[in-house]
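Peer 1: Below are the chains, spelled out letter by letter.
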Amino acid sequence: MVSDVNPGASAPRYEPVALVADDVVVTYGGVRAVDGVSLRAESGAVTGLIGPNGAGKSSLIGVFAGAQKSTQGHIHLGEEDITSLSPYQRSNRGLARTFQTARVFSRLSVIENVIAGEKHEKPGGLTSAIFERRNWRDQEDATSDRAFAYLTEFGMADKAETRCGELSGGQRRIIEYLRVLMARPRAILLDEPTVGMAPWLLARLAEDLRRLCSEGVSVLLVGHEMSFIREVCDVVVVMANGKVIARGEFDEVAKNEIVQQAYLGRRVVGAR
Amino acid sequence: MSFYLATIAVYFVVYATGALGLNLQFGLGGIVNFGFIVFEAAGAYAAALTSIGSSATGAAQSETYFWGTSLPFPVPLILAGVVGGLLALVIGPATMRKMRRDYQAAAMLSFALIANQVVGNTAGFLNGGNGIANVPAPLRSLGGLSLSSYHWVYVGWAFLLGIVIFVVCRWISYSPFGRTVRMLRDDEEAASSLGVNAWTVRMRLFVVGGVIAGLTGGLLVEFIGAWSPGAWSYQETFVLLQAVILGGVGSEYGAVFGALIVGVILFQLPTFLPPIGYPGLIDSLQWIVIGFVYLMVLWFAPQGTFRERATLKLGSRSRRRAPNHLARDIGVGPPTVTATASDIHEEA
Amino acid sequence: MHLLITSIGFGLVQAAILSISAMGFSLQFGMTNVLNLSYGSLMTIGAFLTLLISEQGISIWLGVLIGAITVGFITLVIGRVIIRRFANRGSRLFEMAIVTVAIALIIDYIIAAITKSAIFQFLFPLGSNHHILGMVFTTTQLDIMAIAVVTIFVLELVLHRTKLGISIRASAANGPLARASGIPTNHVVRLTWFVSGVLCGLGGALLAVTYLSVSFVEGTNYLPYILAAVVVAGIGAVGYAALASLILALVIEIAGSYGAGSYNVAIAVGVLLLMLLVRPRGFFGELWEKSEAMG
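Chains as they are written, first to last, in this note's numbering: chain A, 1 to 272; chain B, 1001 to 1348; chain C, 2001 to 2295.
Simulated from the structure, these hints should not be mistaken for lab results. Quick reminder that beta carbons are idealized off the backbone N, C-alpha and C, glycines included. Do not take every clue at face value.
If you want a taste of the chain A side facing chain B, the calculated C-beta under 8 angstroms gives, among others [what the hints assert, rightly or not]:
| id | residue |
| --- | --- |
| 1 | Lys69 |
| 2 | Ser106 |
| 3 | Ile115 |
| 4 | Ala129 |
| 5 | His224 |
| 6 | Glu225 |
Sample of chain C residues with no beta-carbon within 10 angstroms of chain B, all distances over it, derived [as the list claims (entries may be wrong)]:
| id | residue |
| --- | --- |
| 7 | Leu2004 |
| 8 | Ile2066 |
| 9 | Phe2094 |
| 10 | Asp2108 |
| 11 | Ala2266 |
One chain only, chain A, in its complex shape:
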């Protein structure tokens, strides 16, 4: 298993932190899509977020990522309150995310997409493009080695130079995931990462997530594939109608009557 091709690569390393949502509310035109949700994704654990459609999971992920504005509530990354930070600032604090519909840069090649995730100590700016060509060339080589290694591990090395626009949905999700790995994040938001993935890839992803946990990364995973969730997640949080209705290990939560009702479509009243 690859964790680091070039141990000497110059990239910032982060300490493990927990990802916390504190009483978050999101209102869309009168409707509370997220209604006072508090959630904690511990470092070194995979926290699953499940619930029927429309439960508010995507909105909540959006708030964590900074793409969605919350009407009230706070998001913390470790000690730091990141509520007012924009997505790119959160990314630079060590938060990485994937999107519900895998968003790759369709006109760029696969390897360019994966490289895009890398965080450099001195990111290539405009002046360095012109005046420091030798420096960034070496940096690029190191980064592309690492990216290529990841691609190989996930069976996509032969597609390295294909334009991402030509990939299938499952393949795009892998690329998104590898992009996340490149950033060496301390907290990861995975929004439905498993849709369209072949079984051997699911197994590999599950292993990889366990490895990340052992390194202290906190992972928040939104998904619908229950067998995957059950296998991978240490803790599961269930949302319905904008509220958290259950929390715990998968098996406990699955037996919970309120959760079962929520999935069958009946309105849940006053559950917390």
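For chain A, the structure is supplied; the task is to place chains B and C on it using the hints.
Peer 2: Okay, now just chains B and C, sitting in the frame of chain A:
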């Protein structure tokens, strides 16, 4: 005849550098700058005003403009670039915000329309509709050259500048910064989630484009010696845009190729035709043709002639290092059909 | 003070022309979602037709009417034949912007070729002066303002009270959904192109009548004002476009009267850019959306 050829050569470079600048903003960055020509104009006026001297002196006496001085070559040209960049810095905040691309297009178009009208109607600023003439040719008296020899030296200088701009554009395009710009163009939200600060990246690109536009304007005005609102009405941007699209959006070679086809063949050559109809008819016909060419190209071949290249090619890298050992060291990729899940676990 | 009153007077006349033009633009934009930058060129056609017809000795108002209706048809043709083709192909927004500019160039320069790029001036009986509230208006100017008021009134009535109008607004808000609920949107779209074209032609004709001169750049040079009014109003908010036009025209005339006249267009675009900077959805955009949501 020699003067005509020299003129065409200079105009080719001017169109090429203009197209390169626009290609940087639009092709690479997705910025719909329908007001590009105004930045060229700003550079041209800057170069003109800093070489013509103040309006009270010499040949410039009949023209009224707000300030002038006479600086030695190449300072006016450098200032042209600087002014182009400054204008971008000023206009950028209003137009580089996140908005629908067609809004941005409309805003830039409006900017071009007003700039042209205001400058044209304001006496005493840049000499209104008559513009500024009698701009001295740089280093004209050096070496005692005849007029035609001087023109060819200027052509050489123009090509030199053009090549420098070409190389710089390529460097920017195929660098980590260039990749960041393309990421931003393809999917801003995804790029932001990767730590890209959309605002600063776009502004930087916009300003560089402005500098190139300014240099282009300066280069042109120092050759033709005059500049007026008629030279930079809003349509001119669309000659450059046509060059970029025809050549292939995002390709530097494409921009130069497009400049040759559109700029030189479509726009310069007809001026050497015998005059048909009344004077000015050919100009109108040129624009009608450009309109139709746009519709044809956008309908049949919007991707243009040359493709945008990737910023990273593994092939070129392997010539410096052999990555083959990587696959061996790391382990295998997907299992063969007969392998089972447990095999994968073991190999890890 | 006198200057102020005169400016307000002329501002009202300007507002009349601008509101008609802006409403047409807003109607078209709201329905098609295409920012039609050839709108100005189409106005120029309206202006020239009015000129041509009035030179035949026919009543100028008839000329205005014919001009407006002709431009309505031309707009319909261009919309269906060219713009719709590109839009259906999934062209992106900025590609559509380029397409409409291409159309603008073609129209403008065909006119330029025919008219030899000249500025045409024509005489037209201004009518007597009327003194109202300290402002002086000619009969023609009063007629123009009356036309504007009637147009706004009729348009608002149709859009909000008739079945047709509701169909238009429904189609504008959500095409596929409207189709699903049985509203014949193709028919409605065609009508919208036509009506917006008529307003466009009317605006151009009134420009000619007010300034008594026309050139091939007339309409395109007017475009920044229309864009400013539409941006201030917000997308699709047709009625609000009239209000925004009034405010904008008054601001431009009053502010412009304190400097040289050529700054008018600069003020317009200054406002435009300021709005984009501060409030891209327009002042009334949210109000309009809320009223739409309520039905």
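Peer 1: Checked against the structure, which of the hints given earlier come out wrong?
Peer 2: Result: hints 1, 5, 6, 9, 10, 11 break, sorted rising.
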